[in-house]
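Line order of the protein sequences matches chains W and V. Sequential numbering of the first sequence, starting at 1, is according to the numbering used here. Sequential numbering of the second sequence, starting at 1001, is according to the numbering used here.
In case anyone wonders, no lab produced these hints; they're calculated from the structure. Hints should not be assumed to be uniformly reliable.
[What the hints assert, rightly or not] The calculated DSSO-like cross-link candidates involving lysine-lysine, where the alpha carbons are at most 27 Å apart (straight line), are:
id	chain 1	residue 1	chain 2	residue 2
1	W	100	W	50
2	V	1036	W	37
3	V	1041	W	59
4	W	37	V	1040
5	V	1041	W	100
6	W	37	V	1044
7	W	55	V	1101
8	W	100	V	1022
9	W	26	V	1041
10	W	50	V	1044
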Amino acid sequence: QQPVQSPQAVILREGEDAVINCSSSKALYSVHWYRQKHGEAPVFLMILLKGGEQKGHDKISASFNEKKQQSSLYLTASQLSYSGTYFCGTDSADGLTFGKGTHLIIQP
Amino acid sequence: DTAVSQTPKYLVTQMGNDKSIKCEQNLGHDTMYWYKQDSKKFLKIMFSYNNKELIINETVPNRFSPKSPDKAHLNLHINSLELGDSAVYFCASSQVGGQGKAFFGQGTRLTVV
Chain W
1 QQPVQSPQAV
11 ILREGEDAVI
21 NCSSSKALYS
31 VHWYRQKHGE
41 APVFLMILLK
51 GGEQKGHDKI
61 SASFNEKKQQ
71 SSLYLTASQL
81 SYSGTYFCGT
91 DSADGLTFGK
101 GTHLIIQP
Chain V
1001 DTAVSQTPKY
1011 LVTQMGNDKS
1021 IKCEQNLGHD
1031 TMYWYKQDSK
1041 KFLKIMFSYN
1051 NKELIINETV
1061 PNRFSPKSPD
1071 KAHLNLHINS
1081 LELGDSAVYF
1091 CASSQVGGQG
1101 KAFFGQGTRL
1111 TVV
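The shape of chain W in the complex, shown without the other chains (with noise of 0.2 Å):
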């Protein structure tokens, strides 16, 4: 089972806030999270391992929540070069599954 995303799509102003969450109904070992721009590969982010742990380089930093099997990640002061499609993937014993994606749009 994928994991949940919300929201869906986002669209901001250059300088605005956003916050992505994902969850899941499974124990996870982990959550990774990507980006993808048009036409290309997802790129990864960054990696939480464990229950409590917070991450971040330049604007962009996610949080762990083990117990509550939820992770979130935070744009601050979102730039141009944001925009993409944003996925959670989460470890867990059937593998590394990524949730349907946060549409993020930055606009000048």
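Go by the hints and put chain V onto chain W.
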């Protein structure tokens, strides 16, 4: 050097044909995957291979069969192609157990006419 390489990048074929997509990774990873991405951009996992053993197999028609001659290669064979098979297929690899990030190939856009 490309970490995960797929060939071909584009594939146009007629219904009923049999085709293969090749995937190779030079990262020394133990796990390789095949994903199908349809027009709605949903990344659906098809197969996962760990040390040459199939560890998951989603509800994929048996017309699709993965073949792994060695740890660095996971090819996808598709028999009797149907219109609904048209999609972008991605190969990926990661360390065992998904504790490492996954690297994706460039994708193969398959069009069945």
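Now the hints, each set against the structure:
1. W:100 <-> W:50: holds, 23 Å
2. V:1036 <-> W:37: holds, 16 Å
3. V:1041 <-> W:59: holds, 25 Å
4. W:37 <-> V:1040: holds, 14 Å
5. V:1041 <-> W:100: At roughly 7 Å apart (the allowed maximum being 27 Å), residue 100 (chain W) and residue 1041 (chain V) satisfy the hint.
6. W:37 <-> V:1044: Since the Cα atoms of residue 37 (chain W) and residue 1044 (chain V) sit roughly 17 Å apart, the hinted pair holds (cutoff 27 Å).
7. W:55 <-> V:1101: holds, 14 Å
8. W:100 <-> V:1022: holds, 25 Å
9. W:26 <-> V:1041: holds, 23 Å
10. W:50 <-> V:1044: Holds, because 25 Å separates the two Cα atoms, which is no more than 27 Å.
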